[in-house]
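Chains P and S supply the protein sequences, listed in that same order.
Take the first sequence: its position 197, counting from 1, is numbered 197 in the numbering used here, and each next residue is one higher.
Take the second sequence: its position 178, counting from 1, is numbered 178 in the numbering used here, and each next residue is one higher.
Keep in mind that the hints were calculated from the coordinates and are not lab data.
Beta carbons are placed, not taken as given, at the ideal position from N, Cα and C, and that holds for glycine.
Hints may be right or wrong, so weigh each one.
[Said to hold, decoys possible] Derived CB-CB ranges, DEER-like:
hint : chain 1 : residue 1 : chain 2 : residue 2 : range
1    : P       : Ile169    : S       : Asn148    : 39 to 49 Å
2    : P       : Lys193    : S       : Glu71     : 48 to 58 Å
3    : S       : Gly168    : P       : Phe160    : 41 to 51 Å
4    : P       : Lys32     : S       : Met137    : 54 to 64 Å
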Amino acid sequence: MHISEGILSAPVLLSGAGVTIIGTALGLRGMKEEKIPRTALLSSAFFVASLVHVPVGPSSAHLILNGLVGILLGWAAFPAILLGLTLQAALFQFGGLTTLGVNTMNMALPAVICYFLFHLLVKKKSTALTGIAGFLAGFLGVLLSGLMVALSLVFTGEYFRQVAKLVIIVHLPIMFIEGVITGFIVVFLRKVKPEILEG
Amino acid sequence: MRKGIFLLCFLLLLSSSLFAHRVNVFAYKEGGKICLEGYFSDGTPARNSKIEVYNPEGKKILEGKTDEKGEFSFPIPGEKGNLKIVLLASMGHRGETSISVGGNVPVPAGEGKKIDAGKLGDRDIERMVEGAVEKAMKPVIKMIEEENRRVRLTDILGGIGYILGLAGVALYFLSKRKK
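Next comes chain S alone, as it looks inside the complex:
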């Protein structure tokens, strides 16, 4: 029994890079396009993986494949609502994400064009601000995604605790039955 616990500790030590093995898709808008990045949880890109994009009504509107870097991009469609993006990697791995599109295409920020501020309507300003915010938020969203895919030590210990607890319950009932 004690040796088994040693084995368990050994495995725990080995798992220093605590990532669950699943495939993630990360979607962001940039320059009038929706860009996707697919990667396995240890950071390897999901190459040559099938991408499917569904509109808010659940109809497939686009299909494609990621490139060598696990990336894929397509122009923002005119739909309004949440686009569902599914990535199908090899060996039965599947990742899903969604991104909201507002119907109007945001103007990419900092394109370097001189715009006469006086001629801008409310709508134009809204679109420009949207574009700028999206650009600024990208690293933040990515950071949150990365944090999410980490496996926490508490989860691991919790899982082991569940198993041992269940064994304890089983033993308790068996010992009662014997009496």
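So here's chain P without its partners, still in its complex pose:
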């Protein structure tokens, strides 16, 4: 999911950076004091998750956890993911500093979409519904990110359908794994700390 440096053209990089700046501003503005530790925690989880590799046939992919980050943070997913990606780029040479904007957009925008789609459902009385909403958020987060990566690469001359197909096939197991992880975590949080889901 991390697009390397030196691939995208300036307009794509700039629009990615623009979306990221707006998203981060929105996320920071709405961040109350008590939400800061949670944001930091999920940012660290996102930072570490990318090191968990899942071998998939010829290629391999890693966890992203943007669905989880999104559903627990809302717009604050932008600053959380931006921070995680900055550190990944600086410490692991993952992606790159110039593509930070685009990469953040590709992973954080789906996170925010997941938030708006599922955050009400997660709070519902039935545990099953919470679990399903969590699963869908985890699943959809990765799926949408894959589509956005494909979309960003369209302007480099790669064909959208081809790249999209590849990204999605490679990440199919990841989608299921993240769905299950997110589902479990959300159900767990609901049982032990329901107020987290209220924020």
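Let chain P serve as the given structure and place chain S on it in line with the hints.
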């Protein structure tokens, strides 16, 4: 909060194979050729990936594709200086490396040809030694590359430390503002 820390520890445990996901290109000279190997950081070869070779002036001199093993080779060009080699794998992955070429093509060592030592000029000996050294250095260079692509635990803990530190700073300023 405590549960979150559990999750973090769980992820840390899972990440036992600590490789960052990026694509690497490894270049070495062998038998008058430059050989390239492209692989993702967990060891899977970068198959069918586009290779671009640039000369020291930054002009593209060669284009190709890696094979099923992620390998590609081409004869050493007559250029002098650093060749830039770029590998473009699918899904926006890009790796880069460079290799210096000296203008003269080194004679591959141990080709089994009988050479009359008396007829060798300084230049020939230099080329032969160059070839032998390159061959001997290959495993060493590869080892260094492999070591470089490992993610170190200190990096991971450092990253988490940065995030928590930033959160601490933010909380500190917010608490000051409130007073």
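Here is what the structure says about each hint:
| no. | hint | verdict |
| --- | --- | --- |
| 1 | P/Ile169 to S/Asn148: 39 to 49 Å | violated, 30 Å |
| 2 | P/Lys193 to S/Glu71: 48 to 58 Å | holds, 52 Å |
| 3 | S/Gly168 to P/Phe160: 41 to 51 Å | holds, 43 Å |
| 4 | P/Lys32 to S/Met137: 54 to 64 Å | holds, 58 Å |
Violated hints amount to a single one, hint 1; each of the other numbered hints is respected by the structure.
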